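Chemist: Combine the two chains into a complex, taking the hints into account.
Going down the list, the protein sequences come from chains A and B.
Quick note on my numbering: the first sequence kicks off at 8 and runs consecutively.
Quick note on my numbering: the second sequence kicks off at 7 and runs consecutively.
Since the hints were derived computationally from the structure, they do not count as laboratory data.
Do not rely on the hints blindly, as some may be mistaken.
[Claimed, not checked] Below, in silico cross-link-like pairs of lysine-lysine (DSBU-like), each with a Cα-Cα straight-line distance of 35 Å or less:
1) A:Lys48 x B:Lys73
2) B:Lys62 x A:Lys47
3) B:Lys48 x A:Lys43
4) B:Lys62 x A:Lys51
5) B:Lys62 x A:Lys43
6) A:Lys47 x A:Lys59
7) B:Lys114 x B:Lys76
8) A:Lys74 x A:Lys43
9) A:Lys51 x B:Lys73
10) B:Lys73 x A:Lys43
11) B:Lys114 x A:Lys48
12) B:Lys48 x A:Lys47
[Stated by the list, open to error] Residues of chain A placed beyond 10 Å of chain B at every Cβ, according to the derived structure:
13) Thr14
14) Pro15
15) Leu18
16) Met22
17) Glu31
18) Asn69
19) Arg70
20) Asp77
21) Lys78
22) His80
23) His84
24) Ser93
25) Ala94
26) Val121
Predicted model only: the values in this text are computed from it and were never measured.
No residue lacks a Cβ here, since even glycine has one placed at the ideal position from N, Cα and C.
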Amino acid sequence: DTAVSQTPKYLVTQMGNDKSIKCEQNLGHDTMYWYKQDSKKFLKIMFSYNNKELIINETVPNRFSPKSPDKAHLNLHINSLELGDSAVYFCASSQDRGTGTDTQYFGPGTRLTVL
Amino acid sequence: QKEVEQDPGPLSVPEGAIVSLNCTYSNSAFQYFMWYRQYSRKGPELLMYTYSSGNKEDGRFTAQVDKSSKYISLFIRDSQPSDSATYLCAATYSGAGSYQLTFGKGTKLSVIP
Numbered sequence: 008d009t010a011v012s013q014t015p016k017y018l019v020t021q022m023g024n025d026k027s028i029k030c031e032q033n034l035g036h037d038t039m040y041w042y043k044q045d046s047k048k049f050l051k052i053m054f055s056y057n058n059k060e061l062i063i064n065e066t067v068p069n070r071f072s073p074k075s076p077d078k079a080h081l082n083l084h085i086n087s088l089e090l091g092d093s094a095v096y097f098c099a100s101s102q103d104r105g106t107g108t109d110t111q112y113f114g115p116g117t118r119l120t121v122l
Numbered sequence: 007q008k009e010v011e012q013d014p015g016p017l018s019v020p021e022g023a024i025v026s027l028n029c030t031y032s033n034s035a036f037q038y039f040m041w042y043r044q045y046s047r048k049g050p051e052l053l054m055y056t057y058s059s060g061n062k063e064d065g066r067f068t069a070q071v072d073k074s075s076k077y078i079s080l081f082i083r084d085s086q087p088s089d090s091a092t093y094l095c096a097a098t099y100s101g102a103g104s105y106q107l108t109f110g111k112g113t114k115l116s117v118i119p
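Isolated chain B, as found in the complex (with noise of 0.2 Å):
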């Protein structure tokens, strides 16, 4: 079992829908957590960081960790075409352990106008 999960998709919506992607993970020394987005033919790019528990927003984004279970959200609200991507999450650890960032498959999103 890979130590993050992530449904690869792909996810098509409409223009202005509410978006939620998802990952699970089993590390429970895991602390941090990232999104980042990935243009076709890019590097990745981060979005948004967590640390442990709670929620994140940033504009039209909300990054949300639930360490009880092991999950990971983020949601796009309004969502528009610029935001057809594929979206990473990744976590790593804490203190000496980091350096390391453990990826999901990516989830490749489409929004159509």
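For reference, chain A alone in the conformation it holds in the complex (with noise of 0.2 Å):
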């Protein structure tokens, strides 16, 4: 069984069009996140949610948004899409802050290309 998944895994789609990835645990995690990697392999993180709540919200365009329906799903929704935004996003959780020995659990990640 997959630990943590996302769908899709490649999305190719044009500028300005709007996308969602979604994300689903099954290890009963608290916490998710979601990163993103971009060409140089540099992973930074963007969002994390705790129990349904927004913990962390690094300074990214607000045309992503996050939205976790229960404490084993957050998808990621992005609006009007931009050539910079063509990376790879992870998901991730964690059963409480992801430190020391409760570590990150990394999903396979979704290939995003905008053209």
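Modeler: Here's what the structure looks like:
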């Protein structure tokens, strides 16, 4: 069974479109995250939710909106896609704060290409 | 200046070599330090973590943190081709300031048979 799953795995779309990426974890964790990994492999936190509440909201354009319908799901909706949004987006989860023994488990990533 | 700096490499070594991967950080508040391994087209997975200064060993892997010089290291002994991956160091706070990992850019390692 996949611990953290994301759909779709690949997403190719035109500039200006709106798209969503879905994430689900079956680990029973309380905290979920979205990260962006750019072409230079730099992995940066975007959002963090704990028990469906937004904990971290880094400086990302407000075209990006996370939604957590329940503890096991954290979806990412992106409006008016731009070329610079092309990247790999990773979802992750942890039981609590994701430090020390509280491992963050990452999904396989969604490779977004904006044309 | 980014909070966690890491030489992106790439680093290429022969099988059996000892590999040294390093990061520096600037934020004195960091207390947890982690190494993640990321295979091509996969998500990162936690390899090791260390709390504050000191060493931690797990099989062929040793993680070291020197808080006085803000230096993080990962050593791989008897490197294997299966160790070929990108290694990301990460740091975070403890307590109320956590939930957030700050990653280095990652070092791409190739172990040649």
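Chemist: Evaluate each hint against the coordinates.
Modeler: Do the hints match the structure? See the list:
Taking the CA atoms of A:Lys48 and B:Lys73, the gap is near 26 Å; set against the 35 Å cutoff, the hint holds. A threshold of 35 Å between alpha carbons decides the hint, and for B:Lys62 with A:Lys47 the separation of about 29 Å falls inside it, so the pair holds. Distance hint between B:Lys48 and A:Lys43 is fulfilled; the C-alpha atoms sit about 13 Å from each other, no more than 35 Å. Using a Cα cut-off of 35 Å, the hinted pair B:Lys62 and A:Lys51 holds, with the two alpha carbons roughly 26 Å apart.
This hinted pair checks out: B:Lys62 and A:Lys43 have alpha carbons roughly 29 Å apart, not beyond 35 Å. Taken as a hint, the A:Lys47 and A:Lys59 pair is honoured in the structure, with Cα atoms around 31 Å apart against an allowance of 35 Å. Our distance criterion of 35 Å between C-alpha atoms is met by B:Lys114 and B:Lys76, whose separation comes to about 22 Å. A hinted pair counts as satisfied when its Cα atoms are at most 35 Å apart, and A:Lys74 with A:Lys43 qualifies at roughly 16 Å.
Distance restraint check for A:Lys51 and B:Lys73: the Cα-Cα separation of roughly 23 Å lies within the 35 Å cut-off, and the hinted pair is therefore satisfied. Our distance criterion of 35 Å between C-alpha atoms is met by B:Lys73 and A:Lys43, whose separation comes to about 28 Å. For the hint pairing B:Lys114 with A:Lys48, the CA-to-CA distance comes to about 10 Å; that is within 35 Å, so the pair holds. Note on B:Lys48 and A:Lys47: the hinted pairing holds, with a Cα-Cα distance of about 15 Å set against a maximum of 35 Å.
No Cβ of chain B comes within 10 Å of the Cβ of A:Thr14; the nearest lies about 14 Å off, and the non-interface call holds. Every beta carbon of chain B lies more than 10 Å from that of A:Pro15, the smallest distance being close to 14 Å; the non-interface claim holds. Taking the minimum C-beta to C-beta distance to chain B, about 15 Å, the non-interface status of A:Leu18 holds against the 10 Å cut. The claim that A:Met22 is not at the interface with chain B holds, since no C-beta of that chain comes within 10 Å of its own (minimum 25 Å).
Distance to chain B confirms A:Glu31 as a non-interface residue, since its nearest Cβ pair spans about 14 Å, more than 10 Å. Listed as a non-interface residue, A:Asn69 keeps its Cβ farther than 10 Å from every Cβ of chain B; the least gap is roughly 20 Å. The non-interface label for A:Arg70 is consistent with chain B: the shortest C-beta to C-beta separation is roughly 21 Å, beyond 10 Å. Residue placement check: A:Asp77 keeps its beta carbon more than 10 Å from all beta carbons of chain B (closest about 19 Å).
For A:Lys78, the requirement that its beta carbon stay farther than 10 Å from each beta carbon of chain B is met, with the minimum near 15 Å. Listed as a non-interface residue, A:His80 keeps its Cβ farther than 10 Å from every Cβ of chain B; the least gap is roughly 17 Å. Against chain B, the non-interface label of A:His84 holds: every CB pair exceeds 10 Å, the least being about 21 Å. Distance check for A:Ser93 against chain B: the nearest CB is about 16 Å away, which clears 10 Å, and the non-interface claim stands.
With a closest Cβ-Cβ approach of about 14 Å to chain B, A:Ala94 is found to remain outside the 10 Å limit, as its non-interface label requires. For A:Val121, the requirement that its beta carbon stay farther than 10 Å from each beta carbon of chain B is met, with the minimum near 19 Å.
Of the numbered hints stated above, none is contradicted by the structure.
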